[in-house]
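K.L.:
Sequence:
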Amino acid sequence: MGYRLIKSQEWLMRRQVRVAMRFRKLAICVLLIIGVCAFTYFPFWDKKLSQPQVAPQGPTQHSTPAESRWTGPGGFFNGTYIPPEESSVLLNHTRQTNENSLFYSVEKADTLFEQCKGLVNRMMETVEDWEPEDVDTSVRLTQTIERLRAYDRCFIRGDISLSEVLNADHSALSTLTHQLFPYMHVRYSKERPSMVTVYDFVSDTSEDILFHRTSGNVFLEWLQAGRGRGIVTTMAVDEVDYFQRLLRVLVKLKNRLPIQIIVTNTSDMVELRAQLKDVVRDSGQVVQILDASEVLNEPFVQRNVRGFLNKWIATMFNTFAEFIFIDADVVPFKQLNEFFADKAYRNQGLLVFRDRDIGHVKLESRCRTALYNLEPSERETELLGTHWEFNLSSTVARSSDFHLSKLAQNKKQHSANNDITRRGTEQEVYDMFFNQLMLHQVDSGLVVMRKDRTTYGSLLIAFQLNMAEELDECVHGDKEYFWLGPLVAGSSYAIDANRPGAVGATYTEVISSDTRGSESLKGTDKTRTGICSTQIGHYSTRGELLWLNGGAKICKNPNAAENDFRVYTDFMTERYNNVDNLAEIYNSPLVIDGVVVPAYNSTETGWMQTRECAQFRFCAYVDSSTDSVSRDDRNKDRSPALGSVIKFTQKQTEYYNELATIWAEDTDV
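In the numbering used here, the protein residues as written are 911 to 1579.
Source of the hints: derived by calculation from the structure; they are not laboratory data.
Treat each hint with caution, since some may be false.
Stated by the list, open to error - In silico lysine-lysine, DSS-like type, Cα no more than 30 Å apart, as pairs:
{"hint": "1", "residue 1": "K1187", "residue 2": "K1162"}
{"hint": "2", "residue 1": "K1557", "residue 2": "K1436"}
{"hint": "3", "residue 1": "K1187", "residue 2": "K1164"}
{"hint": "4", "residue 1": "K1162", "residue 2": "K1557"}
{"hint": "5", "residue 1": "K1162", "residue 2": "K1027"}
{"hint": "6", "residue 1": "K1244", "residue 2": "K1557"}
{"hint": "7", "residue 1": "K1253", "residue 2": "K1162"}
{"hint": "8", "residue 1": "K1244", "residue 2": "K1561"}
{"hint": "9", "residue 1": "K1164", "residue 2": "K1436"}
{"hint": "10", "residue 1": "K1162", "residue 2": "K1436"}
{"hint": "11", "residue 1": "K1164", "residue 2": "K1557"}
{"hint": "12", "residue 1": "K1027", "residue 2": "K1253"}
{"hint": "13", "residue 1": "K1164", "residue 2": "K1253"}
Unchecked claim - Just the calculated beta-carbon pair ranges, DEER-fashion:
{"hint": "14", "residue 1": "E1101", "residue 2": "K1253", "range": "55 to 61 Å"}
{"hint": "15", "residue 1": "E1292", "residue 2": "Y1417", "range": "56 to 62 Å"}
{"hint": "16", "residue 1": "K1272", "residue 2": "L1120", "range": "43 to 49 Å"}
{"hint": "17", "residue 1": "S1015", "residue 2": "R1097", "range": "20 to 26 Å"}
{"hint": "18", "residue 1": "S1099", "residue 2": "D1382", "range": "50 to 56 Å"}
{"hint": "19", "residue 1": "K1272", "residue 2": "K1561", "range": "56 to 62 Å"}
{"hint": "20", "residue 1": "K1018", "residue 2": "D1382", "range": "53 to 59 Å"}
{"hint": "21", "residue 1": "E1299", "residue 2": "T1021", "range": "24 to 30 Å"}
{"hint": "22", "residue 1": "S1177", "residue 2": "N1497", "range": "42 to 48 Å"}
{"hint": "23", "residue 1": "S1081", "residue 2": "E1208", "range": "21 to 27 Å"}
{"hint": "24", "residue 1": "G1295", "residue 2": "S1015", "range": "50 to 56 Å"}
{"hint": "25", "residue 1": "E1383", "residue 2": "S1498", "range": "51 to 57 Å"}
{"hint": "26", "residue 1": "A1078", "residue 2": "E1379", "range": "19 to 25 Å"}
Only a predicted model underlies this, so the values are computations on that prediction, with no experimental measurement involved.
Where is the CB? At the ideal position from N, CA and C, for every residue including glycine.
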């Protein structure tokens, strides 16, 4: 096959890669062409290259020592990530700068101010071409993230004056801001400053709060104005019922933190005020509604910011210096202000919790490629010092096959259920996501965050990632972006080391050897302990229940019974007889006596999805044939490879069930 004359060797390589994948019957011929081109044009043997060159799978024209070959997750070629199965050339594990990059022609400056000025000048030179139709979406995303990282490093973390860099040119300020942050509507003129409106239920009054004056960094004054600690949430109008249930639990917990509900339009504010007015006043809680619509680009937000994406507006636009974001259907079991005392949070400024280890739900390879392409190039690191805490190079330094037991070897134990040390947890999550392609890693139902200059850029980048066309349907909702955002931004973050479990009523059953399927297991009856529930339970290192996600009914969805019978008629009829019986069960409070944390990556005693509650119900099992399953003494450790059962004391059980019942009681809404 022939190729037309091209100007760029990089384009030729990427074209060849795509042709090779589409026409597998011609794979051998195409790989030979790629190898010849690579050998001719790219001196991989040049001793001046600073990074070690290793070979992925596939034939190559260049002889490489066996010890330098690696069949891991691929690498970079001319600044673009190439998976191992798509290339036969030697790859660099540190991303190089290409001509599309913001940093391509920018010189190293002596001061941060001059460096930022050079980068902004480069942005302004190309501002009209930021989204050309003929540019691949992956290239656009990489360019966008580079610009956002530069903005963060210069004008948020670096405290450089954007107005001074642009010589107080209001037109340039407006153009740059709205190109970088298309969801924002801010004024750079002598008009009224940009404000947000806060309604307070206690005083029954509204107040306009300054968001941004008429010059400079659009976010700087907002960050400086942040005060105190609080609880932040957002919800659709039809989720008011969940919030009322949460409010009752907070009253029982004697919560003293103020609560802000963030909305993006005035109509939602009016509706929520009407529905919650009496309930909030009776609760004695300090609750406010913050309407951010005046500083948002309404057409853009209506078109692009829906559902889960509203969480980023809530995290960015609340008035607190420190906050706990909480989904309306989360049930806490301790006072929320205690989360601020977590050591990992205090050290890193952002704390998220882990999700179920559902190994069969995989990250698509295209998504991994798109995310790897966001790694800072060597040039960006040189100019701005940007780096990822974990990246492709750190992965190459490790074994390409990740195992919990190997990671834990010779390391100090971090918690009663997890032998992954501090920062080891974040490394583990990175490896499981990028190398094992396990999609579900964190549960964003409750996030603890310090909103300051060191963390705010990660929110801006996480929001952009969640909106990006290139990453569409790559993750479930928003949740993975709470750690991918900081990772991509080069910010710090912490992931709680304890693997979550199913929370509810424990039961024990015998698995007959005749039903276990494998010949190797014949004659080996086993006992297993399990919990089946729709809720994910998070607990402390002392075995105390901290919070659960999914409400505190057997099934929180009021229409689930009817829908389940319609979809699985025979299955549901055999087990529950009729819709009314199932609806009564679903509407019952969750009964809690323990948490089952299933064995890591086990086919027999892992997470098992069932058909109940629109398939949101999971069963978690642990092999209880051994003597060390229970953690009643709170001091006995159990490897993640084996799983564990946390049995609560009678006092704990009574208290947790009281809170679950409070949440499950029906309201008038």
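K.L.:
Evaluate each hint against the coordinates.
P.N.:
Tested hints:
Restraint check for K1187 and K1162: satisfied, since their Cα atoms lie roughly 19 Å apart, inside the 30 Å limit. Between K1557 and K1436 the CA atoms are separated by roughly 20 Å; this keeps the pair inside 30 Å, and the hint holds. In summary, the hint linking K1187 to K1164 is supported, as the alpha carbons are separated by about 20 Å, within the 30 Å threshold. A distance of roughly 23 Å separates the Cα atoms of K1162 and K1557; the hinted pair therefore holds under the 30 Å criterion.
The hinted pair formed by K1162 and K1027 fails the criterion: a straight-line CA distance of about 54 Å is larger than 30 Å. Using a Cα cut-off of 30 Å, the hinted pair K1244 and K1557 holds, with the two alpha carbons roughly 18 Å apart. Distance restraint check for K1253 and K1162: the Cα-Cα separation of roughly 26 Å lies within the 30 Å cut-off, and the hinted pair is therefore satisfied. Restraint check for K1244 and K1561: the C-alpha separation of about 14 Å stays at or below 30 Å, so the hint holds.
At most 30 Å may separate the alpha-carbon atoms for a hinted pair to count; K1164 and K1436 exceed this at roughly 45 Å. Proposed proximity of K1162 and K1436 is contradicted: the alpha carbons are some 42 Å apart, above 30 Å. The hinted pair formed by K1164 and K1557 meets the criterion: a straight-line CA distance of about 26 Å does not exceed 30 Å. Taking the CA atoms of K1027 and K1253, the gap is near 38 Å; set against the 30 Å cutoff, the hint is violated.
Distance hint between K1164 and K1253 is fulfilled; the C-alpha atoms sit about 23 Å from each other, no more than 30 Å. The hint said 55 to 61 Å for the Cβ distance between E1101 and K1253, and at roughly 46 Å that hint is violated. Taking 56 to 62 Å as the suggested C-beta distance range, the pair E1292 and Y1417 conforms, at roughly 59 Å. Separated by about 46 Å at the C-beta atoms, K1272 and L1120 satisfy the suggested range of 43 to 49 Å.
Separation of S1015 from R1097 is about 33 Å and departs from the stated range, judged on CB atoms against 20 to 26 Å. Under the hint 50 to 56 Å, the C-beta atoms of S1099 and D1382, about 36 Å apart, miss the expected range. Taking the beta carbon of each, K1272 and K1561 are about 42 Å apart, not inside 56 to 62 Å as hinted. For the pair K1018 and D1382, the beta carbons lie near 37 Å from each other, so the given range of 53 to 59 Å is not met.
Taking the beta carbon of each, E1299 and T1021 are about 26 Å apart, inside 24 to 30 Å as hinted. Under the hint 42 to 48 Å, the C-beta atoms of S1177 and N1497, about 31 Å apart, miss the expected range. Our hint of 21 to 27 Å for S1081 and E1208 holds, since their Cβ atoms are close to 22 Å apart. Between G1295 and S1015 the beta carbons are some 19 Å apart, a value that contradicts the proposed interval 50 to 56 Å.
Distance hint for E1383 and S1498: a CB-CB separation of about 34 Å, inconsistent with the stated range 51 to 57 Å. The given range of 19 to 25 Å is broken by A1078 and E1379, whose C-beta atoms sit roughly 35 Å from each other.
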